[in-house]
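J.: Okay, here's what each chain looks like letter by letter:
Number of protein chains: 2
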Amino acid sequence: MVNRPRLEWSDGKLRYLDQSRLPHESVLIETDDHRVVARSIRTLGIRGAPAIGVAAAYAVVLAARACGAGPEQARHCRDAITHLSETRPTAVNLFVSLERMREQLEAGASAGDADLSRRLEAIAVAIHREDQDACARIAALGAPLIPPGSSVLTHCHTGALATGGGGTALNVILEAFRRGSVRTVYVDETRPLLQGARLTAWELVQEGVDTVLITDSTAGHLLKLGRVDSVWVGADRIAANGDVANKIGTYTLAVLAARHNVPMYVAAPVSTVDLLTVSGDGITLEERGSDEVTSFGGVQVAPDGVRAYVPAFDVTPHTLVTALVTDAGVVRPPFGETLRDLIGQRPRAEVNR
Amino acid sequence: MVNRPRLEWSDGKLRYLDQSRLPHESVLIETDDHRVVARSIRTLGIRGAPAIGVAAAYAVVLAARACGAGPEQARHCRDAITHLSETRPTAVNLFVSLERMREQLEAGASAGDADLSRRLEAIAVAIHREDQDACARIAALGAPLIPPGSSVLTHCHTGALATGGGGTALNVILEAFRRGSVRTVYVDETRPLLQGARLTAWELVQEGVDTVLITDSTAGHLLKLGRVDSVWVGADRIAANGDVANKIGTYTLAVLAARHNVPMYVAAPVSTVDLLTVSGDGITLEERGSDEVTSFGGVQVAPDGVRAYVPAFDVTPHTLVTALVTDAGVVRPPFGETLRDLIGQRPRAEVNR
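If you read the sequences in order, they're chains A and B. If you're matching positions, the first sequence starts at -12 in the numbering used here and goes up one per residue. If you're matching positions, the second sequence starts at -12 in the numbering used here and goes up one per residue.
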C-alpha cells in the first residue's frame, strides 16, 4: 500500500492524499490546521462519506490542540465544529462524528477538563478504528453475495480512499476478487468529477482486477446485454425506511438494475443510517457549481452563457434496493424495522443532530 | 445563421464546419477531395445520421469530378463508395445515400455516359433538398406535441449541424420554442464526446432558449423530480418494428421516461427507417476507441492500463417509444405496419443495400 496511504493520524497531524488530484498527482497533505481539513472536505480532497466523518473528528482534535486549556479552547472547538458541519450537507457520517466530538467537548468543558484535547483524540481514534472495523466486516459479509464468475458494475468511488479503512462497496468487490469470484469489474466513470475513472479504476488496476471503464450512460446498454451480474454502490445517507442518498446516477442504475432483474446492493457502515430522516425526501442533496460540468480540467467545454444543474447526489427509493450490506449484517426488505434493530446494536448508537 | 454555416455545396466543392472542434474553434473545411469527407465522417467532423448521408452523396460527386469520363471514372466512384461505406456502420442514411449514388453510377456507366458527374450531382442535390424538406416537416409535425409551458430533455445533438437541413429532434424543440411553448431545455452533455454540451447547448443559447446543461446521469433524478415533460432524441437507424438505434444513453433515457410516464419521442426522417432490419437486434452498433473515454481533450483522465468499452450507440426497444416523429407523419404504436406504409409513400423508396 506504499502508493496508497490512507487517512493517517500521528504526532498531532493529519495526513491524507488530495483525492481531487489523483491519479495524476499524488499530493500528500500533512496539516495541524482544522481549516485545511475543512477546505479539503469542501473541495473533495477528502471525499467518501466515512472518510469525511473520520477526517472531521480529527479536525476537531486539531482545533483543540491549537489552544491552551480553558474556555477559549472550548470556544475554538465549537467554532471548528460549526465550520466543519457547513462543508457538505449530505453525508450523515460528518454530522454523527461531529456530534460525538461535541458531546465529549461539552463534558470536558463543564468539568473544566485540562486534558480535553487528549480525550477528544481518543474519540477521534475510536471513530477511525470503528470505521476500519466496519469496512472489514462489510467486505466479509458482502463478498459471498458475489458468486464465482460474476461481472459487477460499480459507480463513483467507494474504496480505501473513501473511508478510514478498506472501503465499502469496492472493498466487497475486492474481497470477492481475492476469493476468485470476480471476472470483470465495469466502472462508471462518474461525471462530473470522474471519481470512477480516477480513483476506482486506479485502485482496481493496482490490485490486478480486469477493469473496464464505461461512460455512465453505457451502464443501461451493458445491463440490457446481460453482461452485469450485480450492481454495487455506497451511500452517503440511508434514511430510516431504507431510501439511499448516493452519488448522482445511483438512482438511474437502480432503475436499470430492477428492469433487468440484476441485484442492486448498497454497502455502507451502519453509521450511514440516519433514523431521524424518515425517508429520502428529507435528505438535503448538495448542489455543486456549474463549472464542474461546463469545464473540464480547467478547460471550458460548454459555450459561454450556459448554466448547469449539478446535484451531487440523488435518492434511490428502498423499493429498488436488493439489500443493504452493513457491518452489522446484510439487511433485506422490509428495511425499516431491521434498520432500527441494527442501530440499537452498533457500538455507538446516537444519531442525533 | 452567420456563425453557423451548414453543409454547403457550390462550385464543385463541399464546405462544412468541423463539428469535432466546435464550439471553441470554428474550422470551416472546404474540399474537393472525397477522402477528406470520408475522414471527417470517421472522426465526427461531420456527424448526425442525416448529415452523414448528404455529405457522402456529395463525396461521390467529388470522386466523379476528379476523373475524366470513362471506365476509370466509374471505377474511381465505385472505390469511393466502398471507402465511404466503411466510415461508420450504424447510421442507415449513409448506406441509403450511397445506394442511390451507386444506382445512378451504374446506369451512367452502362450507358457510357459522358455526363456522369453532372447526373450524380443532381442526385446528391436532391438528397440534400429532401433532407431539408424532411427537417422542416418534422419540426412542423412535432412542435404541437410540446404543449405550452413544457420543459423538455434532449440527448446528444440533433440540430442543424446534424442534418442537411434544420435538424430533427432539436428542430422540433426550436420550433416549439418559437411558438412560445418551451420553458426550459435540459441538455444531456452526452459523454464521451460531449455533443450535448458542445453543439446542442451552443445552438440553443444562440437562439435565446433557457438552457440547462446536465451530466447524463442527472436525467433520472430530474425525471424523478417531475421537471421534464417530454424527452426528445433523434435516431441513427429505425428497424422495421420501430426499435431505435441512437446515441449511447438513449436506452437509459427511455427506461427512465417510461418509469415516470413521460413521453419519449424519436424524431427522424423516414430515410432513417430500415425495413430490411427486422428489429434492433440486427443493427450493427459501432464501437469507438478506448481513448474517447480514458482521455479528455488530449489529457489522460484514467490511470494507465485501464481499457474502456465505448459503444457509440444503443438500441431502444419500440415498446419504450411513445411516437416516431417523421417527415411523413407522427407514428404511434404499433409501429410495424405504419412504418411499411410510410416507406411506400416517401419520395425515394429504396432501402436496399
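Please note: incorrect hints may appear among the correct ones.
Copies of one chain are not kept apart here, so a pair can be met inside one copy or by any two copies together.
[Unchecked claim] Taking lysine to aspartate or glutamate pairs in the EDC-like style, the calculated list, with each CA pair at most 20 Å apart, reads: (1) K0 x E73; (2) K211 x D268; (3) K211 x E93; (4) K211 x E273; (5) K0 x E273; (6) K211 x E194; (7) K0 x D20; (8) K211 x D102; (9) K211 x E274; (10) K0 x D19; (11) K0 x E274.
Derived from the structure by calculation, the hints contain no laboratory data. Being a predicted model, the structure only gives us computed values, none of them experimental.
J.: Against this structure, judge whether each hint is valid.
T.: Hints, verified against the model:
1. For the homomeric pair K0 and E73, neither the shortest alpha-carbon distance inside one copy (22 Å) nor that between copies (61 Å) is at most 20 Å.
2. Proximity of K211 and D268 under a CA criterion of 20 Å is satisfied inter-copy only: 12 Å between copies versus 30 Å inside one chain copy.
3. For the identical chains of this complex, K211 and E93 are neighbours neither inside a copy (55 Å) nor across copies (42 Å), given an alpha-carbon limit of 20 Å.
4. Taking identical chains as interchangeable, the C-alpha atoms of K211 and E273 lie at most 20 Å apart only when they sit on different chains, with a minimum of 17 Å there against 31 Å within one chain.
5. In this assembly of identical chains, the alpha carbons of K0 and E273 never lie at most 20 Å apart, being 29 Å within a copy and 52 Å across copies at closest.
6. Taking identical chains as interchangeable, the C-alpha atoms of K211 and E194 are never at most 20 Å apart, the minima being 28 Å within one chain and 37 Å between chains.
7. Taking CA atoms no more than 20 Å apart as the test, K0 paired with D20 passes inside one copy only; the shortest distance there is 8 Å, against 66 Å between copies.
8. With identical chains, the CA atoms of K211 and D102 are never at most 20 Å apart, being 60 Å at best within one copy and 51 Å at best between copies.
9. Only between protomers do K211 and E274 lie at most 20 Å apart by alpha-carbon distance; the minimum there is 16 Å, versus 31 Å within a single protomer.
10. For a Cα distance limit of 20 Å, the shortest separation of K0 from D19 inside one copy, 5 Å, qualifies, whereas the shortest one across copies, 67 Å, does not.
11. In this homomeric assembly, K0 and E274 never come within 20 Å of each other (Cα to Cα): the closest approach is 31 Å inside a single copy and 49 Å across copies.
The structure is inconsistent with the numbered hints 1, 3, 5, 6, 8 and 11, although it conforms to all the rest.
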